[in-house]
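Asker: Residue numbering for the sequence shown follows the working numbering, beginning at 1 and increasing consecutively.
One or more of the hints may lead you astray.
In silico DSSO-like cross-links for lysine-lysine, where the CA-CA straight-line distance does not exceed 30 angstroms [as the list claims (entries may be wrong)]:
1) Lys67 <-> Lys153
2) Lys85 <-> Lys34
3) Lys34 <-> Lys5
4) Lys4 <-> Lys34
5) Lys34 <-> Lys67
6) Lys150 <-> Lys85
7) Lys5 <-> Lys153
8) Lys67 <-> Lys85
9) Lys85 <-> Lys4
10) Lys126 <-> Lys43
11) Lys5 <-> Lys43
12) Lys126 <-> Lys85
13) Lys150 <-> Lys126
14) Lys107 <-> Lys150
15) Lys126 <-> Lys5
16) Lys4 <-> Lys67
17) Lys153 <-> Lys85
18) Lys150 <-> Lys4
19) Lys34 <-> Lys150
20) Lys4 <-> Lys126
21) Lys153 <-> Lys126
22) Lys153 <-> Lys4
23) Lys150 <-> Lys43
24) Lys107 <-> Lys126
25) Lys5 <-> Lys85
26) Lys153 <-> Lys34
27) Lys153 <-> Lys43
Estimated spans, in silico, between C-beta atoms of each pair [to be verified]:
28) Lys5 <-> Arg56: 29 to 39 angstroms
29) Ser36 <-> Glu102: 17 to 27 angstroms
30) Gln12 <-> Thr51: 36 to 46 angstroms
31) Thr61 <-> Met104: 31 to 41 angstroms
32) Arg133 <-> Phe50: 11 to 21 angstroms
33) Thr103 <-> Tyr49: 13 to 23 angstroms
34) His40 <-> Ser118: 13 to 23 angstroms
35) Thr103 <-> Gln142: 20 to 30 angstroms
36) Leu13 <-> Tyr62: 31 to 41 angstroms
For the record, the hints were derived by calculation from the structure and aren't laboratory data.
C-beta atoms are modelled at their ideal positions from N, C-alpha and C, and glycine is treated no differently.
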Amino acid sequence: MDAKKVNEHFRQLGLTLSSVESCTGGAFASAITKISGASHFYKGGMVTYFTEEKVRLLGLTYSELDKNGVVSEITAQQMAFNGRKVMASDYCVSFTGNAGPETMEDKRAGLVYIGICSRENCLVYKYEFDGDREQVITQAVQAALDLLMKIEK
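Based on the provided sequences and hints, a complete structural model is requested.
Answerer: What follows is the structure, given as structure tokens:
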């Protein structure tokens with residue numbers, strides 16, 4: 001993982017970042033804040049592991065979550081979109097998925113959606129990682145770091 005490069009990249013661009021995590025359980029925030037200087041661009045993050053916290057903190061609705069599932073493209077999009085507004089950041093990255101080991105919502109272990117929202121747009125990326133729970137989380141964090149390096153001002 002190279003959170004240091006993301007740190008340098010966001011600082012050079014003069015952009016701020018926040019995160020909303022579910023299946024990664026704070027691993028992204030931990031990777032970012034291990035690097036000195038993160039406070040210059042990383043505004044903070046939320047771990048909304050319970051469905052009720054996605055509703056309470058992010059304004060998602062039970063009806064949409066029941067309809068689409070917690071592990072879905074639309075949930076990742078809403079998490080990143082609302083997280084960016086709550087944290088007042090230029091960008092927000094979100095993670096929702098099934099880190100495993102069991103199937104969840106009829107979705108296989110390793111399925112992860114990563115959302116990245118700015119003021120202009122919100123994109124969601126679907127991944128199907130292999131490995132155990134820890135490996136899935138590590139791969140998801142790495143994928144997000146790679147995506148964030150592609151951001152241009």
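Asker: Each of the hints needs a verdict: does it hold here or not?
Answerer: Hints, one by one, checked against the model:
1. Lys67 <-> Lys153: 36 angstroms, violated
2. Lys85 <-> Lys34: 25 angstroms, holds
3. Lys34 <-> Lys5: Holds - the C-alpha atoms of Lys5 and Lys34 are around 12 angstroms apart, at most 30 angstroms.
4. Lys4 <-> Lys34: 9 angstroms, holds
5. Lys34 <-> Lys67: Given that 30 angstroms is the threshold and the Cα spacing comes to 37 angstroms, the pair is violated.
6. Lys150 <-> Lys85: At roughly 22 angstroms apart (the allowed maximum being 30 angstroms), Lys85 and Lys150 satisfy the hint.
7. Lys5 <-> Lys153: Judged against 30 angstroms, a Cα distance of about 16 angstroms means the pair holds.
8. Lys67 <-> Lys85: 24 angstroms, holds
9. Lys85 <-> Lys4: Holds, because 25 angstroms separates the two Cα atoms, which is no more than 30 angstroms.
10. Lys126 <-> Lys43: OK: Lys126 and Lys43 at ~25 angstroms, within 30 angstroms.
11. Lys5 <-> Lys43: 17 angstroms, holds
12. Lys126 <-> Lys85: 23 angstroms, holds
13. Lys150 <-> Lys126: 17 angstroms, holds
14. Lys107 <-> Lys150: With Cα atoms ~29 angstroms apart, Lys107 and Lys150 stay inside 30 angstroms; holds.
15. Lys126 <-> Lys5: The hint holds at about 23 angstroms.
16. Lys4 <-> Lys67: 38 angstroms, violated
17. Lys153 <-> Lys85: 19 angstroms, holds
18. Lys150 <-> Lys4: Cα-Cα ~14 angstroms, so holds.
19. Lys34 <-> Lys150: This hinted pair holds, its Cα atoms lying about 21 angstroms apart.
20. Lys4 <-> Lys126: With a Cα-Cα distance of about 24 angstroms, the restraint between Lys4 and Lys126 holds, given a limit of 30 angstroms.
21. Lys153 <-> Lys126: Holds - the C-alpha atoms of Lys126 and Lys153 are around 24 angstroms apart, at most 30 angstroms.
22. Lys153 <-> Lys4: Holds, because 19 angstroms separates the two Cα atoms, which is no more than 30 angstroms.
23. Lys150 <-> Lys43: Satisfied, since the Cα-Cα distance of roughly 20 angstroms is no more than 30 angstroms.
24. Lys107 <-> Lys126: 12 angstroms, holds
25. Lys5 <-> Lys85: 25 angstroms, holds
26. Lys153 <-> Lys34: 25 angstroms, holds
27. Lys153 <-> Lys43: 18 angstroms, holds
28. Lys5 <-> Arg56: 29 to 39 angstroms: 34 angstroms, holds
29. Ser36 <-> Glu102: 17 to 27 angstroms: 38 angstroms, violated
30. Gln12 <-> Thr51: 36 to 46 angstroms: Holds, since Gln12 and Thr51 (Cβ atoms, about 38 angstroms apart) stay within the stated range.
31. Thr61 <-> Met104: 31 to 41 angstroms: Roughly 20 angstroms apart at Cβ, these two residues miss the hinted range, so it is violated.
32. Arg133 <-> Phe50: 11 to 21 angstroms: 18 angstroms Cβ-Cβ, so the 11 to 21 angstroms window holds.
33. Thr103 <-> Tyr49: 13 to 23 angstroms: Cβ of Thr103 to Cβ of Tyr49: about 18 angstroms, so the range 13 to 23 angstroms holds.
34. His40 <-> Ser118: 13 to 23 angstroms: 19 angstroms, holds
35. Thr103 <-> Gln142: 20 to 30 angstroms: Distance hint for Thr103, Gln142 holds at roughly 24 angstroms.
36. Leu13 <-> Tyr62: 31 to 41 angstroms: Once the Cβ atoms are compared, 37 angstroms apart, the range 31 to 41 angstroms for Tyr62 and Leu13 holds.
Checked against the numbered hints above, the structure breaks hints 1, 5, 16, 29 and 31 and satisfies the rest.
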